[in-house]
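Trainee: The residues making up each chain are set out below.
There are 2 protein chains.
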Amino acid sequence: MQAEHINPFLRAVSNAFSTMLDCEVRRGEIKLSESKTQCYPVSGVIGLSGKAAGMVVINLSEEVALRVASTMLMMEIAELDDDVIDAVGELANMIAGQAKAELEEYDLSVSLPNVITGAAHTIQFPSASRPISVPFDTDFGPLNLEVGFEPACVEANA
Amino acid sequence: MQAEHINPFLRAVSNAFSTMLDCEVRRGEIKLSESKTQCYPVSGVIGLSGKAAGMVVINLSEEVALRVASTMLMMEIAELDDDVIDAVGELANMIAGQAKAELEEYDLSVSLPNVITGAAHTIQFPSASRPISVPFDTDFGPLNLEVGFEPACVEANA
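In the order they appear, the protein sequences are chains G and B. So the first sequence is numbered by the working numbering: it starts at 8 and just counts up by one. So the second sequence is numbered by the working numbering: it starts at 8 and just counts up by one.
By construction, these hints were calculated from the structure, which means they are not laboratory data. Hints are supplied without guarantee of correctness; some may be wrong.
Because identical chains share one entry, a pair is satisfied inside a single copy or across any pair of copies.
Result set (SDA-like, lysine to any residue): computed pairs, CA atoms no more than 25 Å apart in a straight line [unchecked claim]: (1) Lys-58 - Asp-88; (2) Lys-58 - Ala-85; (3) Lys-38 - Pro-15; (4) Lys-58 - Glu-70; (5) Lys-38 - Ile-84; (6) Lys-58 - Phe-143; (7) Lys-38 - Glu-109; (8) Lys-38 - Pro-48; (9) Lys-38 - Asp-89; (10) Lys-38 - Asp-90.
Bear in mind the structure is a predicted one, so any value in this text is a computation, not a measurement.
When you get a sec, could you build the whole thing from the sequences and use the hints?
Mentor: Rendered as structure tokens:
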């Protein structure tokens with residue numbers, strides 16, 4: 008992944024939180040992702056494909072996941088139920104959807120999202136893909152964004 | 008998801024195991040996936056998008072994951088290291104890649120894969136997407152295939 012491809016995803020995180028959730032985010036240091044860096048128990052994952060292949064992971068503390076869902080649904084949600092799963096999936100969808108609009112030269116479309124829960128789960132990219140990882144501090148609590156993006160994806164069966 | 012869309016994925020699982028891994032698979036009963044059905048500690052996930060949006064989850068016991076990697080790399084692998092992650096990602100990629108070739112009317116491409124590990128992890132689809140879940144028994148041990156596929160995906164920003 009090249010560093011310039013991360014910027015549309017960073018803007019998408021900021022925009023999704025500020026416009027949809029009225030929550031300010033402060034970005035931490037961008038770094039190449041190391042093996043097994045997941046630290047929070049809720050992850051929204053969504054694929055991007057077209058003239059590139061990508062995967063976006065938005066990794067949230069339980070507190071952030073609950074506050075995202077509570078804000079989206081305008082009701083207090085206190086446990087990781089199906090409403091929270093849907094809200095985190097929708098958050099991943101919004102981030103990937105906005106980023107793809109900025110990366111229009113790759114003619115991307117988004118997959119269905121999945122949401123992974125489990126205190127000890129780890130999400131890894133293939134070793135060749137060098138994802139970029141970015142921590143954010145938000146008014147709701149901490150989160151990590153992890154993005155793998157491979158522009159030169161040539162598909163043998165395309 | 009409509010039932011007819013699952014068949015290319017079922018054939019892709021059988022073909023990947025029989026041709027690449029020389030391992031026979033026996034399919035169990037196809038069912039609509041219920042919430043929180045993940046049961047094994049290693050999951051390969053990969054998105055599909057184009058004129059449809061999908062996500063494929065291949066959920067493996069540790070034994071199956073180790074034997075898949077050992078067979079692909081022609082060496083004994085005894086723990087869930089980066090080689091196993093790469094092998095499970097490649098397995099997900101092969102399954103999605105073969106299925107998309109059979110679903111050519113949807114003009115699909117595949118995302119980057121991710122591999123999730125963790126004894127207690129759960130992968131959920133958005134509640135509206137009705138994924139299909141299929142257990143397989145293989146000569147290596149048990150696995151589950153879970154596929155969400157939404158052909159009528161109309162993207163507002165396309």
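Trainee: Does each hint hold? Answer for all of them.
Mentor: Taking the hints in turn, this is what the structure says about them:
1. Taking the shortest Cα distances, Lys-58 and Asp-88 never come within 25 Å of each other, neither inside one copy (36 Å) nor across copies (30 Å).
2. Within a single copy, Lys-58 and Ala-85 get their C-alpha atoms no closer than 41 Å, and across copies no closer than 37 Å, so neither meets the 25 Å cut-off.
3. Taking CA atoms no more than 25 Å apart as the test, Lys-38 paired with Pro-15 passes inside one copy only; the shortest distance there is 16 Å, against 39 Å between copies.
4. For the homomeric pair Lys-58 and Glu-70, neither the shortest alpha-carbon distance inside one copy (36 Å) nor that between copies (36 Å) is at most 25 Å.
5. Taking the shortest alpha-carbon separations for Lys-38 and Ile-84, neither the intra-copy value of 33 Å nor the inter-copy value of 30 Å comes in at or below 25 Å.
6. Taking the closest pair of Cα atoms, Lys-58 and Phe-143 never come within 25 Å of each other, the shortest separation being 29 Å inside a single copy and 33 Å across copies.
7. Only within a single protomer do Lys-38 and Glu-109 lie at most 25 Å apart by alpha-carbon distance; the minimum there is 21 Å, versus 39 Å between protomers.
8. When the C-alpha separation of Lys-38 and Pro-48 is checked against a cutoff of 25 Å, the pair qualifies only within one copy, where the shortest distance is 21 Å, while the shortest distance between copies is 28 Å.
9. Taking the shortest Cα distances, Lys-38 and Asp-89 sit within 25 Å of each other only across copies (20 Å), while inside one copy they are farther apart (32 Å).
10. For the identical chains of this complex, Lys-38 and Asp-90 are inter-copy neighbours only, at 23 Å across copies versus 32 Å inside a copy, given an alpha-carbon limit of 25 Å.
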